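Student: Fit chain A to the known structure of chain U by using the hints.
Note that the protein sequences, when read in sequence, are chains U and A. Following my numbering, the residues of the first sequence are numbered contiguously, the last one being 371. Following my numbering, the residues of the second sequence are numbered contiguously, the last one being 1309.
Just so you know, these hints were derived from the structure itself, not from any lab. Treat the hints with caution; some may be incorrect.
The list that follows gives simulated cross-link-like pairs (lysine to aspartate or glutamate, DMTMM-like), each with its CA atoms no further than 20 Å apart [claimed, not checked]:
1. Lys1252/A <-> Asp314/U
2. Lys1253/A <-> Glu359/U
3. Lys1237/A <-> Glu359/U
4. Lys267/U <-> Glu1234/A
5. Lys1308/A <-> Asp1244/A
6. Lys1253/A <-> Glu1278/A
Keep in mind it's a predicted model, so treat the numbers as computed, not measured.
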Amino acid sequence: NAGVTQTPKFQVLKTGQSMTLQCAQDMNHEYMSWYRQDPGMGLRLIHYSVGAGITDQGEVPNGYNVSRSTTEDFPLRLLSAAPSQTSVYFCASRTRDYSYEQYFGPGTRLTVT
Amino acid sequence: GENVEQHPSTLSVQEGDSAVIKCTYSDSASNYFPWYKQELGKRPQLIIDIRSNVGEKKDQRIAVTLNKTAKHFSLHITETQPEDSAVYFCAASSWGGSQGNLIFGKGTKLSVKP
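Here chain U stands alone, though its shape is the one from the complex:
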């Protein structure tokens, strides 16, 4: 199993550009989520999904869109990048049972200039 994979590893965007961060998992996990990590701020939840076709907002959803058309994939879209979105983005997945381990992807480091 590859686990949770993310692409790209690094990305530089100009203000106003849009892009999609890719996330995939091969563990047949129903639950997937996106976090951003900023220095001194911990991991903050952006969006999550409990299954294909079902998504919802987390703590910091503004400026981001998600969709879940398959169990395996959960892309995160930045509609119009802003410098405040410079961060490290982690995708994570787990089974529907919330009291079991949540697995993280390797992260995408995004810089918006």
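Tutor: Chain A only, in chain U's frame:
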């Protein structure tokens, strides 16, 4: 919603000493409390977790304690080693409206000096 506070933000210990990191949570419905370790440039990885029906759990040099009445839980690392140096995050979750979303503390950077 849930709010998790974590202290201290940085912790420096000598190799062989013990380290303790404390977290408090606000939502009394929370009943799952994992701890993640993140090495520099790597992804967070689960090191230990505890559920609300248990007061303490140990795994070799690592232990976690939970006080539901006071709404706090702690990570204890004994006989620290340089490879324990990392950022540690606590988290809390519950079912209900949050669908079991993990809410994280802001992290503790642990440095173990040889």
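Student: State for each hint whether it applies.
Tutor: Hint-by-hint comparison with the structure:
The straight-line distance between the Cα atoms of Lys1252/A and Asp314/U is roughly 33 Å, outside the 20 Å bound, and the hint therefore fails. Pair hint Lys1253/A plus Glu359/U holds up; C-alpha atoms about 17 Å apart against a cutoff of 20 Å. Proximity of Lys1237/A to Glu359/U is assessed by CA-CA distance (about 17 Å); at most 20 Å being required, the pair is judged to hold. Distance restraint check for Lys267/U and Glu1234/A: the Cα-Cα separation of roughly 17 Å lies within the 20 Å cut-off, and the hinted pair is therefore satisfied.
A distance of roughly 26 Å separates the Cα atoms of Lys1308/A and Asp1244/A; the hinted pair therefore is violated under the 20 Å criterion. For the given pair, Lys1253/A sits about 19 Å from Glu1278/A by alpha-carbon distance, which is consistent with the 20 Å threshold.
The structure shown violates the earlier hints numbered 1 and 5.
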